[in-house]
Amino acid sequence: MAEGTGEVVAVPASGAANGLNNGIGGTSTPSNNPLSRKLHKILETRLDNDKEMLEALKALSTFFVENSLRTRRNLRGDIERRSLAINEEFVGIFKEVKEELKSISEDVQAMSNCCQDMTNRLQAAKEQTQDLIVKTTKLQSESQRVEIRAQVADAFLSKFQPIPNYIHNQYMSFLKPKNAVFISEDFFKALGRVKQIHNDVKVLLRTNQQTAGLEIMEQMALLQETAYERLYRWAQSECRTLTQESCDISPVLTQAMVALQDRPVLYKYTLDEFGTARRSTVVRGFIDALTRGGPGGTPRPIEMHSHDPLRYVGDMLAWLHQATASEKEHLEALLKHVTAQGVEESIQEVVGHITEGVCRPLKVRIEQVIVAEPGAVLLYKISNLLKFYHHTVSGIVGNSATTLLTTVEEMHLLSKKIFFSGLSLHTSKLMDKVELPPPDLGPSSALNQTLMLLREVLASHDSSVVPLDARQADFVQVLSCVLDPLLQMCTVSASNLGTADMATFMVNSLYMMKTTLALFEFTDKRLEMLQFQIEAHLDTLINEQASYVLTRIGLSYIYNTVQQHKPEQGALANMPNLDSVTLKATMVQFDRYLSAPDNMLMPQLNFLLSATVKEQIVRQSTELVCRAYGEVYAAVMNPINEYKDPENILHRSPHQVQTLLS
Amino acid sequence: MATAPYNYSYIFKYIIIGDMGVGKSCLLHQFTEKKFMADCPHTIGVEFGTRIIEVSGQKIKLQIWDTAGQERFRAVTRSYYRGAAGALMVYDITRRSTYNHLSSWLTDARNLTNPNTVIILIGNKADLEAQRDVTYEEAKQFAEENGGFMLKVNIKMGENVEDAFLEAAKKIYQNIQDGSLDLNAAESGVQHKPSAPQGGRLTSEPQPQREGCGC
Ligand SMILES: Nc1nc2c(ncn2[C@@H]2O[C@H](COP(=O)(O)OP(=O)(O)OP(=O)(O)O)[C@@H](O)[C@H]2O)c(=O)[nH]1
Ligand SMILES: [Mg+2]
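Protein chains in written order, with the UniProt record's numbering: chain A, 1 to 662; chain B, 1 to 215.
Simulated from the structure, these hints should not be mistaken for laboratory data. Because the structure is a prediction, the values reported are computed rather than measured. Mixed in with the good hints, there may be bad ones.
[To be verified] The calculated DSSO-like cross-link candidates involving lysine-lysine, where the alpha carbons are at most 30 angstroms apart (straight line), are: (1) A:Lys328 x B:Lys152; (2) B:Lys140 x A:Lys328; (3) B:Lys59 x A:Lys189; (4) B:Lys59 x A:Lys328; (5) A:Lys336 x B:Lys59; (6) A:Lys525 x A:Lys416; (7) A:Lys336 x B:Lys35; (8) B:Lys34 x A:Lys336; (9) A:Lys328 x B:Lys35; (10) B:Lys34 x A:Lys328.
Input sequences plus hints: build the corresponding full structure.
The structure is reproduced here in structure tokens:
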């Protein structure tokens with residue numbers, strides 16, 4: 001505040017302040033001492049704080065530039081004039097503002113009118129639409145209801161009516177005249193649809209829509225029957241065209257068979273039609289192969305080989321085997337999508353039907369071959385071939401009694417029958433004219449021929465295409481058919497001979513049979529039997545040979561007497577022809593035998609075909625001779641028999657004899 | 001197999017020949033089943049398999065007859081050469097005897113098939129290189145001299161098996177294309193069928209049908 005006071009002090013110097021104060025002071029008259037009050041007031045005035053005053057003074061200083069009396073006198077007027085001018089200016093300006101405001105006010109008024117108008121109109125519109133909205137709401141709910149009904153109807157239709165366009169045409173075609181049937185993918189779609197509707201419609205019958213249900217059902221049944229009939233006719237004519245050697249089963253036909261399995265009768269008729277078409281194709285192909293052969297004649301027609309029975313029959317059967325396999329493939333293609341039970345069986349059945357046609361031409365030809373009697377061996381081979389093909393073809397057509405299999409089996413049996421009757425005829429002829437054994441006691445020519453035949457038959461059997469077990473049964477039959485009569489023939493033929501001749505002849509014949517059989521399988525039993533018979537005759541020959549030797553050297557009588565001697569007969573030395581002189585003479589003969597035993601063989605032994613057999617006879621007969629000598633030696637050495645100086649009579653011990661002879 | 005397996009335009013008939021044990025049945029099995037049979041019994045007579053292949057965009061069905069190599073079946077198997085369009089003649093590279101017998105197999109093949117039959121020579125068991133008994137070169141020369149193809153095959157590993165069947169089919173197809181194989185002739189070993197349309201319009205007139213003569 002001290003500073004403020006300082007500043008205030010300087011102010012009184014200013015005349016303007018004084019003058020102003022004067023003016024003010026002049027209008028009011030204080031009660032007690034106005035002047036002092038005025039003064040006080042002035043003194044107390046804080047000019048620095050009074051902004052108005054400062055502004056006034058600043059403004060004053062702009063025009064009050066000359067401080068003179070005149071100016072001081074005029075100051076008041078000046079200020080008032082000035083104030084007036086300013087106010088006038090102020091008024092002018094406000095007038096403009098006033099005009100502007102007035103215009104704005106007018107605009108706002110107009111807007112307000114406008115709004116009022118709009119509000120009124122909206123109100124009116126609202127009143128008008130109220131009704132419409134109510135109506136619309138009602139319509140909307142109605143439309144929803146209708147929509148639901150439409151959906152139900154649609155669902156019903158799509159379930160029970162074959163509407164779609166692409167199949168509609170098919171319905172038309174179901175009902176068209178018979179001959180212009182065109183079966184395609186769409187047909188089956190349509191048929192499937194009809195079938196489905198027919199099934200689905202059963203649901204309706206359980207609701208209260210029974211009339212509709214029955215109607216639709218009836219309609220579908222009718223459509224189905226028409227469709228199946230058309231399909232059957234189509235498939236039937238399609239099958240009729242399949243008469244080429246190659247047989248392309250179109251996918252549509254395959255599908256037709258799938259569809260037709262719902263109508264077993266039509267399905268079966270179609271298969272029959274197929275079978276009939278293929279049957280005549282196979283017959284034609286077979287006849288062509290028989291008579292025409294391949295392009296340019298190679299391969300040559302099968303009939304060109306009719307002079308070669310085995311090849312002829314083999315070629316025919318191989319052709320049929322291949323045709324059967326192909327036909328089965330065709331059927332598998334035809335029925336590959338059929339799901340019904342027993343497809344495999346019906347395939348076999350139809351293959352049987354297809355191959356039935358060739359049976360007659362086949363049978364006629366094979367019969368011709370068989371009846372012409374191409375010889376036992378060929379007949380046998382043909383019979384084996386037929387058996388082989390029976391087996392092979394049954395692998396394709398199964399074991400069902402197809403005519404082809406029956407025919408092949410029949411031919412097999414026929415060829416076998418003729419083969420065996422040929423064999424029996426041959427062997428029975430052997431018995432009709434039994435020859436005497438040849439001088440060399442070897443096998444007779446009849447035996448040799450028959451064994452040759454047997455060998456050929458067995459050889460062809462050995463290389464036969466028939467499996468082992470099937471062969472074995474035949475074998476037994478062939479062997480008994482040939483061997484038993486042969487044995488009889490040999491026995492009869494030998495019956496008029498002496499013992500050694502008979503035994504030699506029999507051993508030779510049996511030996512021939514044995515060596516023939518030994519080359520083949522399944523002959524073990526027979527070989528064993530032959531061996532027994534050979535051994536029986538061998539024993540005879542061994543004994544014959546031994547007694548031959550003993551007789552030749554004169555030991556036979558002595559040996560017999562020694563064997564039969566009884567003690568009560570007295571000493572051997574006293575028996576007739578057993579004296580030491582006779583014994584000594586016999587020993588001379590015996591020594592000659594010991595030095596060259598081979599010179600003392602029966603002539604028959606040299607006719608033996610087998611060297612081993614001969615050796616065996618010589619060895620065993622020698623043993624018998626040794627044993628006989630041994631017994632005689634023992635008797636002579638025995639003091640009971642009263643030989644004097646017995647070592648001088650029989651100067652060789654049995655042991656020495658044995659060593660010399662072995 | 002899913003796409004209509006019976007849609008093919010030709011059927012070619014093949015035979016497989018060669019000594020026993022060279023691998024003929026394995027070859028067929030490998031081709032039709034794509035599997036190797038380690039112990040395969042001797043074939044009795046003949047066996048049979050099929051497969052569809054494609055040559056030059058044509059579907060061809062191969063009907064393959066696998067014959068027994070054992071001598072005792074020779075008379076039977078000879079009847080199957082008739083009407084073969086292709087013959088696969090197989091030997092075993094580890095057994096010279098099977099190679100030496102080729103000329104006899106070839107003679108049979110030439111005499112019993114038709115002149116257009118395509119013959120392919122196959123040397124099998126190429127995996128047994130250590131036991132090789134017949135060189136590739138001499139077999140190739142044999143094939144060239146006899147106008148056939150030579151292929152080295154390893155059935156065990158499935159190598160070149162496809163080729164053996166395809167090569168023959170290609171050559172047969174080529175013969176058809178240049179007209180040297182007459183499809184109309186019987187027993188050409190090839191059957192042709194124009195691809196059937198997906199359904200057929202039929203007249204009510206039944207197709208004329210040739211009755212087989214019933215002699
Ligand atoms: N290591 C080897 N062995 C093979 C091959 N191919 C076949 N084999 C074997 O050879 C043997 C005979 O094969 P198969 O196919 O039965 O012979 P095959 O020619 O049919 O004989 P047959 O029917 O008697 O004529 C079998 O044991 C096979 O495993 C091969 O590529 N390599
Ligand atoms: Mg085999």
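Tell me, which hint numbers fail for this structure?
-> The structure conflicts with hints 1, 2, although it agrees with all the remaining ones.
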